[in-house]
Amino acid sequence: MQDNVIDRRNFFKLSLLSGGVVAVSTISGGAILHATELTHVHKKTQESSNKIRGKMFFQVQTDFDNLSAACERIYPKDEQGEGAIGLGVPYFIDNQLASAYGYNDREYLQGPFIEGIAEQGYQTPMRRNEIFLEGVKALEAISQKRYKKTFSSLKGVEQDKILVDLEKNKIDFIGFKSSEFFTFLRDMTIAGVLSDPIYGGNDNKNGWRMMQYPGAQMSYIDKITSDEFFDIEPMSLADMEG
Amino acid sequence: MAEVLKKVDVVTVGAGWTGGIVAAELTKAGLNVLSLERGMMQTTENFAMIHDEWRYGINYGLMQDCSKDTVTFRHNVNGLALPYRKMGSFLLGSNVGGAGVHWNGWTFRFLPYDFEIKTKSFERYGNKLGNDYTLQDWGLTYKDMESYYDKFEKTCGICGEENPLAEKMGLFRSSPYPQEPLENTKMLKRFEKAAKEMKLHPFRLPAANSKGGYTNPDGQDLAPCQYCAYCERFGCEYGAKASPINTVIPKAMSTGKYTIRTHSNVIEILKKDGKATGVRFVDTRTMKEYIQPADIVVLTSYMFNNAKLLMVSDIGEQYDPNTGKGTLGKNYCYQINMGTTAFFDEQFNTYMGSGALGTTCDDYNGDNFDHSKEKFLHGAMIYSVQLGNRPIQSAPVPKGTPNWGAKFKKALNYNFTRAITVGGQGASLPHKSNYLSLDPTYKDAFGMPLIRLTYNFTEQDRALHKFITDKTAEVAKKMQGVRSIKKGAYLKDYSVVPYQSTHNTGGTTMGADPQTSVVNTYLQHWDMDNLFVVGAGNFQHNSGYNPTDTVGALAYRCAEGILKYHKNDRQLV
Ligand SMILES: Cc1cc2nc3c(=O)[nH]c(=O)nc-3n(C[C@H](O)[C@H](O)[C@H](O)COP(=O)(O)OP(=O)(O)OC[C@H]3O[C@@H](n4cnc5c(N)ncnc54)[C@H](O)[C@@H]3O)c2cc1C
Ligand code: SF4
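Protein chains in written order, with full-length UniProt numbering: chain A, 1 to 242; chain B, 1 to 573.
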């Protein structure tokens, strides 16, 4: 790991032209040009970025447990390593649902809302966190109806059957399609496995490690022409704080 | 009541590539320029934490806030258009620098064939596609464009090499590329060898990611590219990728004659007695309205908003697909992408790369092959690139792999470093039923109508797409060590959901004749001498290349036109 720790200030000295990077400062009027120096230092990899966790969105433990179980079916633990739960993905999703992603913050939410054709994309006044909540509650309802048990206690194959029904639009919801919920769930599970650990998933960069993805490295200029494959210890944005 | 501000010589709407180029050229010539930009200020300094796929790559941290403004979409005139609520198919830029901050840097000139497409294809094949395809010459030739291309490429310090088919295509250059091509890699060499075996003519993709340290003719510096792999959709933290914020905008600033006013969303072009008098805008921090008077108004706000501003301000004649009358909104084109992924057992450094690190060939592009037996015109480039795969967006898995579960996990983790894609990027030709207009229902945050996109892929697109997809599979199969291939699906109906390309063109087309274009070949509006409109909206069709070299070249030509107009005060052609 230490090999990949580069001090940005030195790095710039090494690679940049004289004069530094010219940047334009915030402007209200004239021209202010100045040279910027980026001063981040890559710290040593932290052990695990996510020892402190909490729920910001889900209120009911059963809902969270069912979400966790569903994520684990999408990205299960195996001989390669942790599954979604071990990587912190349920917390990643919970935290995202409480923030911009969950509230569709940068999306057009004005009506009228009319169901269009698939090629027009989703058209619903519901926020993603509402869809998730209803979706997760449906997991429990279907499970109780079919097996008289909570979803998270079902066998893997039983859970899969319910997930497949959602994926194939066999479950009715008001306001959205079950396949839309399934796609969110699937995509968010993958995102939680593979996004930077600063978001609460990909615990200790193990999601990246399993696919040999080195994360937020600064530069590959010394390796780009090499025919050799490099398995590089991954780096998180958290490694740059300090 | 809107507050009236002090008059300026020139106002541009937006400060991306087009706004920045116009500002640099005009301020150098002594004019005072103000750019109104709806987004915030940003500089290279903003990108220290940029290696964040979730924030920037997936959640579009640098792009348009669609809660304020978006487009609506339907397939055809009879359909009901609905809002593009979340970006997917194309990604609209925002903030100072626009999409020029988070582009890849593929920098291709269009072909001589492109500028005279109607004449040249009629000469060779007659009216092959029929009258539903509204093919149009651009009013100037490649020869007219060459010096502007040269200028933009020098501004960006493009890294490239001569196209082996250049002579055949008439694609002459007045000077070589400013820099040699980016580094070559094992993945790209694999593609190159296979392409050569198929008798294709591969060459290194022209890139705006600077190979070495480079100082452009304006005196602006670019740093060497680090192949950091967070390039397209991201700003470059090194200032290595040529962008308006490290080239033309600081140049314009250095003259002391340029101002950018951020958080300023333009909603109308004001006019009196056949001239533009300025623009009306909203300060998004207060929602207060202002009037900015100007001698010359330049629309540089990307093709959708350029068309929208003309429409809401009632300048020019709206195109009507039923009668074929009107030019505003006509000839909207997009791009078609195709490809085949090849899977290997050998590992490659797929996670390294740069926005325009690649190799390509033009054997099936433009009119470089005989189309007599085909059901389409034009073609596509065939390429392989090493942009640096990021794991969420790029999860290549072989055919038959489930979408989730244990088998998916295994395939995802195994194949991430074992796949190479052979892609194609194809031309898009105009059709009478693909166009832009105002939406009758949906409004933006400022009460103005959204722009409505009526669009579907055409028979021409489908035939071309299939032809090139098959070619990509042929090349992919030939790559040494290939285990299996996965050919992309043939073209279905256009959908706004998956990302395809931000190469939207048309709507404010250019030409030699007001009957078939919105602006003349100086990008000056036919109906209003002191109004200029520049961007990919000027294209009469889209080629099998990326647009920005041509957009940049047109912006240089526009600036030249503005200076001429400033002296003569009349229509330039
Ligand atoms: C992910 C991505 C990758 C790309 N890669 C390539 C590539 O490799 N090669 C290539 O050739 N092209 C590429 N492009 C396209 C390229 O970015 C555009 O062609 C180019 O940026 C267009 O320049 P422009 O000045 O017309 O518009 P923009 O760069 O979009 O600038 C327009 C500016 O106007 C502002 N604006 C819009 N509306 C208003 C308003 N009402 N009031 C005030 N301001 C407004 C916007 O905020 C923006 O800053 C890519 C685009 C994307 C999104
Ligand atoms: S790949 Fe090169 S040009 Fe692109 S962001 Fe990284 S260093 Fe900049």
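Just so you know, these hints were derived from the structure itself, not from any lab.
Since we're looking at a predicted model, the values are computed, not measured.
Don't take every hint at face value.
A few chain A residues facing chain B, derived, Cβ under 8 Å [stated by the list, open to error]: (1) 191; (2) 218; (3) 233.
Backbone N, C-alpha and C define an ideal beta-carbon position, used for all residues, glycine too.
Here is how each hint holds up against the structure:
{"no.": "1", "hint": "191", "result": "holds (5 Å)"}
{"no.": "2", "hint": "218", "result": "holds (6 Å)"}
{"no.": "3", "hint": "233", "result": "violated (13 Å)"}
When each numbered hint is compared with the structure, a violation occurs for hint 3 only.
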